[in-house]
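K.L.:
Each chain, letter by letter, is given below.
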Amino acid sequence: MVVTKPLSTKLPTPLVRRMFQHGDVPFKIIIVLATLFTLALVVGVGVMLWLFTSVTRMDLGFSFVTSKTWNPTGSQFGALPFVVGTLITSILALIISVPLGVGIAIFLAELCPARLRAPLGVMVELLAAVPSVVFGLWGIFVFVPTVVKPLGNFLKNAFGTSGDVIDLPLFHGPFYGFSYLAAGAILAVMVLPTIAAISRDVLLAVPGSQREGAFGIGCTRWEAIWQVVLPYGLSGILGAVILGLGRALGETMAVTMVIGNVAQLSGSLLSPGYTMASVIANEWGESSTPAYASALLEIGLLLFIMSVLLNLLARLLVWSVQRRNPQQHA
Amino acid sequence: MKANRVTVYISVMLATGLTLAACGGGNPVSLASSGNTTNPNQDSGSSAVQLNASGSTFIQPALEDWAYTYSQAHPSVTINYSGVGSGQGIKDIEAGNVDFAGSDALLQPSDYQAHPDLQMLPMLAGAVVLAYNVKGVNTPITLNANVVAGIYMGKITNWNDPAIAALNPGIKFPDTPINVVHRSDGSGTTNIFTLYLSAVSSEWKNGPGAGMTVQWPADKLGRGQGGKGNPGVSAAIQNTNGAIGYVELAYAMENKILFANMINAAGKTVSATIPSTVSAIGSAQLSDRLTATFVNASDPAAWPIAGFTYLIVNKSYTNCAKADALASFVNWDLTNSEAITHANTLFYATLPDAARSKVLDAVKAITCNGKPVTINP
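Protein chains in written order, with my numbering: chain A, 1 to 330; chain B, 1 to 377.
Extracted from the complex, chain A is given alone in its bound form (with noise of 0.2 Å):
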């Protein structure tokens, strides 16, 4: 038999205290302004190099963009060079990295031998833990001279001269070993890791019951792998391709190691070049002018800009791969 207590003759408890009690309010608030904050620090920082670049923007309006004259003792500040040596070492980047390191991702989650599995994951992501100025002076000693200069001079002497059967202007003139082939050789690297661990995420969160209906209609390993795993994870995939373009459009250290830092536009890969973070890294401490300041200011706004439009680009691809395929949601 159950005793009813008799009922509570105390007024009802006052609201800011029923609030409070249980933790809910305060913690949504809490989560809430913290969301907030990252979202104050991304306008803030825009806001900011927009205020501060209006010295450069009144004078020189669109054209800082499309000038390619970087001349800063004549005050003649154009940041198409950086633009233009920005792409290219990420998109070159990104050629690299992408099927390596989707190829690394496939293996670990699909073929590795399971007790191999980790301790191969943790050398991946050590990768990742690399501090850039370290890959940087790796790249000085190491790589350009051992790697990028026989494959840059290869590729000079196979497409790069006239009169070969496929002539390339991509590989044409000097080549000394700093270059855009040799900065978007070590983006490559520090990329890797990004892609590949999250992408072999991705394919292991792929639910088992996919595999084992691709094999149960007669699927090879191959088909498997390439017409259901792939397909199931590649929005997740292009998730980890994103943000290893992110990382390479802002790295500097490493790539101003390596690019060989001239101002100047070039169709060639091999000939040296410069990017809009390093030029900012280079010149910011000495830039004594207010137009000075303002132009290097406002190739960081450029930069902010362009991270931001390639974002947006990203998320509708995303969006629009989660779109033919509605079974997923990654």
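These are computed hints drawn from the structure, not numbers from a lab.
Heads up, some of the hints might be wrong.
[Unchecked claim] Pairs of lysine-lysine, DSSO-like flavour, derived with a Cα cap of 27 Å: (1) A:Lys68 with B:Lys205; (2) B:Lys135 with B:Lys220; (3) A:Lys156 with B:Lys135.
Given chain A, put chain B in place with the hints provided.
P.N.:
Using the frame of chain A, we list chain B on its own:
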């Protein structure tokens, strides 16, 4: 108990909210703890003095050595110097963020107009040398103004050029294209080197000109590359057969890098050393602002590519403890025998007597609230 929890929640929320407010707005919002913000002109009220400075990386090794040695003898004074570049150093002292700054760049008339209180003090001179990497050439080569300008203008493009051979009888130069290496970061070293090129070549003066960062003609011709800092330039030279580039004398000496002798304005072949740099300063005339350039100096013993590195101070301070400490420190840097020896060990040339006494006069003229500073030995 419950009341306690409510207080905790509210204070957490308040703190988060305030942080947001402080970060979101354009202006920094001072919280209740504004007493902690560092204001260099505020009297700390204790006997310990901390001087904050920022700027040139060219003077940084000497300044750090001086700061350490000085505070061994004067434990109440600590000096923090951050090597953020001359441009940033100038911005910092103009904004009042630091007590003094280091700079290889000269203040512009507009700087003096906005901040008439600033004073430049030449402290040391550094030499710049040309390092090279030509397979088969292992002895020091000799260059002159025309050849260096020709190489950097992109006119002389191969090591077997007759102009180079004429200066170096006895050395066989291979048929190797010249690659021109320069600093990629804005740098006082670049400033000294381009001042030299402007002094010896009107074509250079009217073209790229002199500055911390210039537009290199060789880059446009596809025969140039930039390296970050002295180590970056040196690595690019080592990696490239046929490369030539300029680095600080100190860096070349410490790393045993082969560098070229120069024929100076008097027509004599000289090697870069501290004595030959001091000879170059000897012919320099300090301006009213205490600045001077002495590239391509006329003295027969002078190394032609050299320049001053400066400290920038205010002529008047409001914190007397700091003003006294600063004036005493600068005075010590210029007169103490240990300070001078240390600077020479780091391959800087120190000032000859005539220039030094002018700088010391300017240090003595610093005031604090209208009164002259007290200089302790």
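K.L.:
Now look at each hint and say whether the structure bears it out.
P.N.:
Status of the hints after comparison with the structure:
{"no.": "1", "hint": "A:Lys68 with B:Lys205", "in the structure": "22 Å, holds"}
{"no.": "2", "hint": "B:Lys135 with B:Lys220", "in the structure": "25 Å, holds"}
{"no.": "3", "hint": "A:Lys156 with B:Lys135", "in the structure": "22 Å, holds"}
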